[in-house]
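Construct the entire structure; sequences and hints are all you get.
Each chain, written out:
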Amino acid sequence: MASFADRLLGLDRRWLFLLVFIGVVTPIVFPIGLPVTTTASTRAAFEYIEALKPGSTVLISYDYGPSSAPENDPMAEAVMRQCFLRKIHVVICALYPLGGLQLANNSVAKVTAEFPSLQYGEDYVSLGYKDGAAAVIKRMGDDIAGAFPIDVRGTPLSQIPLMKNVKSLRQVDVVLTVATGIIGEYWITQAHAQSGVPVIIGPTAVGAPKYYAYLNAGQLVGMLSGMKGAAEYEKLLAARYPELARFYGSTRAFTATKGMDAQTVIHVIIIVFILIGNVAYMSRRAAQRRAGAR
Amino acid sequence: MTPIPDIGTWIAALLTLAALSFLYKDNPIFRFTESLFAGISLGYYVGITLNQTLLPNLIAPLTHDFNQNWDLLVPGLLGILLYMRYVPKTGWMSRYALAIFVAYYIGLDFTRRIHGEVLPQLARAIVPLSKFDAHTILWSLVFAIGVFSVLIYFFFSKEQDRITRRVARVGIYFLMVSFGAAFGFTVMGRVALLIGRLNFLILDWIYPLIGIR
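The listed protein sequences derive, respectively, from chains A and B. Under our numbering, the first sequence has 227 at position 227, and the numbering climbs by one with no breaks. Take any residue in the second sequence, count from 1 to its spot, add 294: that is its number in our numbering.
Just so you know, these hints were derived from the structure itself, not from any lab.
Not the full set, but computed from the structure, chain A residues with beta-carbon under 7 Å of chain B:
1) P149
2) A193
3) M227
Here are the simulated lysine to any residue pairs, SDA-like style, with alpha carbons at most 20 Å apart:
4) A:K110 - A:R252
5) A:K138 - B:D403
6) A:K164 - A:E122
7) A:K210 - B:L413
8) A:K53 - A:L118
9) A:K138 - A:Q171
10) A:K210 - B:V436
11) A:K110 - B:D498
Cβ coordinates follow ideal geometry from the N, Cα and C atoms, glycine included.
Rendered as structure tokens:
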């Protein structure tokens, strides 16, 4: 047993990489369709936006880059779809330097194409990117046009109908920050504290644990934790809106719900290997103790 | 007819494979990709800052309406001063700009931490005695013991005695649980990135290449 344990502990890690690779590829090629259960924090975010009246304003801030797009893209797009279905105005901005704006532009192009009746400037507006997130959020608390004098198309904010009644964060009904790194924290500890604007966060899974403290303290109205949170949101949307149920059921594009198949398979593989590793470690230690006693 | 992957998809797919090749072992193709990524990221950052921040927030207001926006010369000048450090004789000038920059962010961060973090978190740690039911009592106790024991663990101003060492040990257990949760989330996050990349390789590159819709 001990020699087998030694062999297991000395296993070339590339075998594990191969197993993880197979574990991810198989559900992508042959989707399983495993069920997704929803959590209270995601339901709170969903219901908060559901309760907003048509004509309300939601600000979606793209505070992530391409490295976490598989987790964050589905969150931003799901909330955008919900807003457009409920005739809620959407203001989009990007505060993450490396690719935030490009991802925002891609998302807006993709989702608005699904709603051909939308008018730019009246139903949604994209403000573009600004450097120095903390200072930008501080300024937006008093004067959005001070931070973003023109939108992404170069139009002054004063000439955009949607922005006529949205001068500062105080006129925004809720902020969704889809975030990696520290920018999500700025929205909670600065924007919410300064102007009282409710905040929903969609962090990457890596960043999610620290936001539970804010959620628990009532500084967040909801949270979508990583890909799981995004899949939960897609499920809630599909349950409430038949047209989105058809969309999420038929789209060829990547969705968080599809990604959760691979997540589940990989988690099973990792749990099994953690158990095997621990058993092998303990059996080797027991064998060493026995050898020492002799 | 299935669309053939365009040149952008080919470049992205090959660079993805080059980056993943590090999993087998370090190699020149991986190092080339790494350097390319670092260079492109820097170039992108400079470009987007010029195009999206400096141009609309500084240069355009100054050129279009100088009388209304002349005060923008001050931050513009401070920004230029930062680059004086590259000239040895004028390097000292950059310190003034840096000092103002640091002072601004200390002020901003200080109020942000106090009003946005310390006070709300402290307020949440105080549970009202008026609404005690079995559920509240249980979780409030867990919460209170967790906060108290972790704070004792991080109290380094006095050497721990027999009692505080035991309390700190409880704090370690709370920390271990939080590290475990963080590790679980980290695994989920990293796997999500791999899922995203392999989805791209399979759905956007391989499938069109072999004619699968």
